[in-house]
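K.L.:
Residue-level listing of the chains:
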Amino acid sequence: MAEFKRAMKKLLDSQQVQHALDRLYKAVVQQLPKEGTVAVVGIRTRGEILARRIVDRLRSERPGLHLETGVLDITFYRDDLSQRRGAPLVRATEIDFDLDDTWLLLVDDVLQTGRSVRAALDALHDFGRPKIIRLAVLIDRGGRQLPISADFAGRVVNAPAGSRVQVKLKENDGEEGVFIIKTEG
Amino acid sequence: MAKKASSSSRQKVKPKAAGQAFVWKRKDLLGLDELSAEEVVHILDTAESFKEVSTRSIKKVPALRGKVVGLLFFEDSTRTRMSFELAASRLSADTLLFTAKGSSITKGETTLDTVRNIEAMGVDIFVIRHGQSGSSHMLAHNVSASIINAGDGQHEHPTQGLLDIFTIRQRLGRVAGLKVAVVGDIAHSRVARSNILGLKKLGAEVVVVGPPTLVPQAIEPMGCTISHSLDDVLGQVDVVNMLRIQFERFSSNLFPSVREYHKLYGLTAKRLGRCKKNVIVMHPGPINRGVELTSEVADGPNSCILQQVTNGLAVRMAVLYLVSQGGK
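Taken in sequence, the protein lines are chains A and B. Following my numbering, the numbering of the first sequence begins with 1228 at its first residue and continues without gaps. Following my numbering, the numbering of the second sequence begins with 14 at its first residue and continues without gaps.
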């Protein structure tokens, strides 16, 4: 039997993460609606951090914008819930504004299978009916299992199946970077 | 997506978040006795997240969709039963209700046979209240579904203990270092036992107060002190948890009269005046008004009796969710 090996490779350094986020931000800004409420909702944990960074920048550069922010914990909406073992800590979803008729930007760190986004859409549906939902991800790594795609991506990479793309952000991980972890059997 | 990480690799990339790395593994919740302090805190933290669900306009999450929760109440209950029923439905589970009255128990079927028969219908989680101490443990060893103890005889009532501790933590911001008085019928009280066990684990000090006939000496090895005078302890405590006098469990007269009990151990406005200003008053319900406490105290600003009921829902949602995840 082959030995279990894990190789971790740095895909983006801190400066490149900054650059990807900048690209993402600029793409989003171009498509902002002319009127109405813009809601930015991040998926825990790193989507929440990215959403906060986008919101901070929008607040300073677009002071006239009517902006709402929220955080989504999608644990209960996952389709693999009944297949997982054990229960890590679930944290609260924080959406304390009216979602109805907003232009909503859903933010996550990595888009792969699309299942987290599917769960997030279900969760949002329980809170109201946004007019438009757009998806922004820092990294689109390919490997979709559902008909879901990102409207905005900071960086598109073609990561091999079986590998894992890990985003690290200083608020949560103490460092910035994107890593690809290869698991070889 | 990044969330595909196994828990072991997540620990590697996030070593500092020790609290999040903890994973609940139990299939049953039988009592607080066998839980570690970390497990108790994990339930309370999970309940904290579930509180938010009850504030939504659609108060439902699909966490237990397709699961069946069997509510088996061999003993009467209003609060606990309705709380578990609502908790299960907020998690999108289906519920089956069994009450001993009007069932085949009256035809002589044993408890285990009854539960096995209901399990055969495809029940995933049983919530059980039973008059016999240890019944939940017995069932947990004999059926493969998850078991949640909703009160077994005079042994434990873990979700009540948890919701009391949750309420204390919410009102006072901490549990460790607090001094809690548990007053009244300690001898018959599973609520007292679960409270003492949980509070001690989280570092609180517990003093049990009541007449000698209702306070067994055997409670001392659980790590609490005993007092027979309510007036002696009131000034020192942060929490007063008034237990119900369980007349239905008395086999003989354990105190001369209800009036005398109230005079010595009832919490009145006058007695409350001798407590710390921010003391919180709790009662697991149902209240015997004018016995354990007066209406003035029960409905006053120090009382968190209704808050306990509200929190009970979040705690039970957390417990249902955790055991459903832990048993695989």
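Each hint should be verified, as a subset may be incorrect.
[Unchecked claim] Within a straight-line C-alpha distance of at most 20 Å, the following computed DMTMM-like cross-link-like pairs (lysine to aspartate or glutamate) qualify: (1) B:Lys72 to A:Asp1325; (2) B:Lys73 to A:Glu1402; (3) B:Lys73 to A:Asp1400; (4) B:Lys64 to A:Asp1323; (5) B:Lys72 to A:Asp1327.
[As the list claims (entries may be wrong)] Reference listing, derived: stretches of chain A covered by chain B, where coverage requires no fewer than 3 residues with Cβ under 8 Å from a Cβ of chain B: (6) 1245 to 1251; (7) 1371 to 1381.
Just so you know, the hints here were simulated from the structure itself, not pulled from any lab data. We put the CB at the ideal spot given by N, CA and C, even for glycine.
K.L.:
Is the Cα-Cα distance between Lys73 (chain B) and Glu1402 (chain A) 20 Å or less?
P.N.:
Violated, because 37 Å separates the two Cα atoms, which is more than 20 Å.
K.L.:
Against the 20 Å threshold, does the CA-CA distance of Lys72 (chain B) and Asp1325 (chain A) hold or violate the hint?
P.N.:
Given pair Lys72 (chain B), Asp1325 (chain A) holds - Cα atoms ~15 Å apart, limit 20 Å.
K.L.:
For a C-alpha distance cap of 20 Å, please report whether Lys64 (chain B) and Asp1323 (chain A) respect it.
P.N.:
The hint holds at about 14 Å.
K.L.:
Hint check: Lys73 (chain B) vs Asp1400 (chain A), CA-CA at most 20 Å. Holds or violated?
P.N.:
violated (32 Å)
K.L.:
Count the residues of the region 1371 to 1381 of chain A whose CB lies closer than 8 Å to any CB of chain B, then report whether that count reaches three.
P.N.:
violated (count 0)
K.L.:
For a C-alpha distance cap of 20 Å, please report whether Lys72 (chain B) and Asp1327 (chain A) respect it.
P.N.:
holds (17 Å)
K.L.:
Please verify the coverage claim for the region 1245 to 1251 of chain A: does it have three or more residues whose C-beta sits within 8 Å of some C-beta in chain B?
P.N.:
violated (count 0)
Violated hints, listed in ascending order, are 2, 3, 6, 7; each of the other numbered hints is respected by the structure.
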